[in-house]
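Peer 1: Read off the chains here:
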Amino acid sequence: MSYLLKVENLQIERGGATVVDVPEFAIKPEEKVAIIGQNGAGKSSFLLGIASLIKRKSGSITFRDKIINSSDELNFRRSIAVVFQEPLLFDATVIKNVMEGLLIRKIDRKEAEIRAKESLELFGITHLAERSAHKLSGGEAQRVSLARAFAAKPELIIMDEPFMSLDLPTRIALAEELGAILHKSKTAVIIATHDRIEAFRIVDRLVVIEDGKIIQQGSPKDIIENPINPFVAAFRRG
Amino acid sequence: MELIIEGITTALKLIFTLDSEVFAVTLLSLKISSIATFLSLLFGLPIGTFLALSNFPGRRVIISMVNTGMGLPPVVVGLFVTIFLWRNGPFGYFEILYTPTAMIIAQTVIAFPIVAGITIASIQALPANLKLQALALGATKCQMLWILLREARLPLLAAVMAGFGGVISEVGASMMVGGNIKGDTRVLTTATVMETSKGNFDVAIALSLILLVLAFSVNYILTVIQQRERPR
Numbered sequence: 345m346s347y348l349l350k351v352e353n354l355q356i357e358r359g360g361a362t363v364v365d366v367p368e369f370a371i372k373p374e375e376k377v378a379i380i381g382q383n384g385a386g387k388s389s390f391l392l393g394i395a396s397l398i399k400r401k402s403g404s405i406t407f408r409d410k411i412i413n414s415s416d417e418l419n420f421r422r423s424i425a426v427v428f429q430e431p432l433l434f435d436a437t438v439i440k441n442v443m444e445g446l447l448i449r450k451i452d453r454k455e456a457e458i459r460a461k462e463s464l465e466l467f468g469i470t471h472l473a474e475r476s477a478h479k480l481s482g483g484e485a486q487r488v489s490l491a492r493a494f495a496a497k498p499e500l501i502i503m504d505e506p507f508m509s510l511d512l513p514t515r516i517a518l519a520e521e522l523g524a525i526l527h528k529s530k531t532a533v534i535i536a537t538h539d540r541i542e543a544f545r546i547v548d549r550l551v552v553i554e555d556g557k558i559i560q561q562g563s564p565k566d567i568i569e570n571p572i573n574p575f576v577a578a579f580r581r582g
Numbered sequence: 024m025e026l027i028i029e030g031i032t033t034a035l036k037l038i039f040t041l042d043s044e045v046f047a048v049t050l051l052s053l054k055i056s057s058i059a060t061f062l063s064l065l066f067g068l069p070i071g072t073f074l075a076l077s078n079f080p081g082r083r084v085i086i087s088m089v090n091t092g093m094g095l096p097p098v099v100v101g102l103f104v105t106i107f108l109w110r111n112g113p114f115g116y117f118e119i120l121y122t123p124t125a126m127i128i129a130q131t132v133i134a135f136p137i138v139a140g141i142t143i144a145s146i147q148a149l150p151a152n153l154k155l156q157a158l159a160l161g162a163t164k165c166q167m168l169w170i171l172l173r174e175a176r177l178p179l180l181a182a183v184m185a186g187f188g189g190v191i192s193e194v195g196a197s198m199m200v201g202g203n204i205k206g207d208t209r210v211l212t213t214a215t216v217m218e219t220s221k222g223n224f225d226v227a228i229a230l231s232l233i234l235l236v237l238a239f240s241v242n243y244i245l246t247v248i249q250q251r252e253r254p255r
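Protein chains in written order, with our numbering: chain A, 345 to 582; chain B, 24 to 255.
So here's chain A without its partners, still in its complex pose (with noise of 0.2 Å):
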């Protein structure tokens, strides 16, 4: 198996506008993509398109050498996880909302229990277990995200900027512990972000896209040596 995920000839629509267009985009195993590109370049609609999670106007999606039919998407949804912009926990208590996957998943209580613990070890926030989760502060909240996403252990994180809505000395904090822990971790990622912060500590490949396009993709060195366009310039820059 070369790849864990190819998306080929992708294509997704909306309010009548193409706005992915991709032929082609693979990620190996363990690998941790940045996806770069300016506001409405289409990097929400791209990485919702690898997930399943909106209708696709064409293309195909091979996970694990299977093209994933409507069938599979719920077993595939299933293999991955997504961490969105906001954190958007559900109205219980923080442990609750890190096993809610789990549950959904048909794993056995105790067991979920335990693994969610272990995720919100991972993330430094076991003392906020029994808080309610709409009384964290926005760093926290998004703590308890990440970890309900790393509890399920997902062979791929697709993560939409998810320290965008976080002030920069959070931000910051949050993405040096990202990157220790997706550092350590065999998990492949997939991550949108404006900020070359989250993007260098992260990532063995950047992927620039402009008008649901992809129009560049190298090595984080390469990218910053040979930027294509202004925006990534001034990427490079910060």
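No wet-lab data here; the hints were simulated from the structure.
Small disclaimer: the values here were computed from a predicted structure and weren't measured.
A hint or two may mislead.
Dumping the calculated DSSO-like pairs for lysine-lysine here, alpha-carbon to alpha-carbon at most 27 Å [what the hints assert, rightly or not]: (1) B:K164 <-> A:K410; (2) A:K399 <-> B:K164; (3) A:K350 <-> A:K565; (4) A:K410 <-> A:K557; (5) B:K164 <-> A:K454.
Dock chain B against the given chain A, drawing on the hints supplied.
Peer 2: Using the frame of chain A, we list chain B on its own:
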């Protein structure tokens, strides 16, 4: 003032002596309105959820109709239910006009748009991506719907309160489709109207007080549940 004091005295007497007629009327009111509220939830919750989450031509018109229905005059509902259940009407062969069943149907029609309308507003007030988050956690469509309803549970309890409050206190439809038949379709509101028209203000006040206490008790129980669930 004397009349009101007399009414309160009569009410207390009727309540504490467990007057069989008042007891039966109260029980029937509670039974009819509870069943109607339950049925309106049975139809209103799924239809409201569907309207909140779907996207099809004419959806806005239907939502506007539901919202208009939230203020549907009970006498209009009573009129149309009567026409439908009339001996020569489309459902006349069921012969249920002037029975508690007809009253349940009328009250369900009144409560349904209230429940559906509040359900639509509650689901739409949730974060836009919550549905996607549930699916991203591996939820099936049924699990996703359950999660959304669970997240909207506090405003949905308000829907139950509004639905029940709307039907326990209405009189027009119950009078028209029930006929206020003693021992059969007489409920607190229709009995109050009748006693008032007869000039028995003390009994009418007594019945009104019982109605108020009943409505307050049910809403109090629901409010306690709602506030206990509220995150602190």
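Peer 1: Look at each hint and say if it fits the structure.
Peer 2: How the hints compare with the structure:
1. B:K164 <-> A:K410: holds (23 Å)
2. A:K399 <-> B:K164: holds (15 Å)
3. A:K350 <-> A:K565: Within the cut-off at roughly 24 Å; holds.
4. A:K410 <-> A:K557: holds (25 Å)
5. B:K164 <-> A:K454: holds (25 Å)
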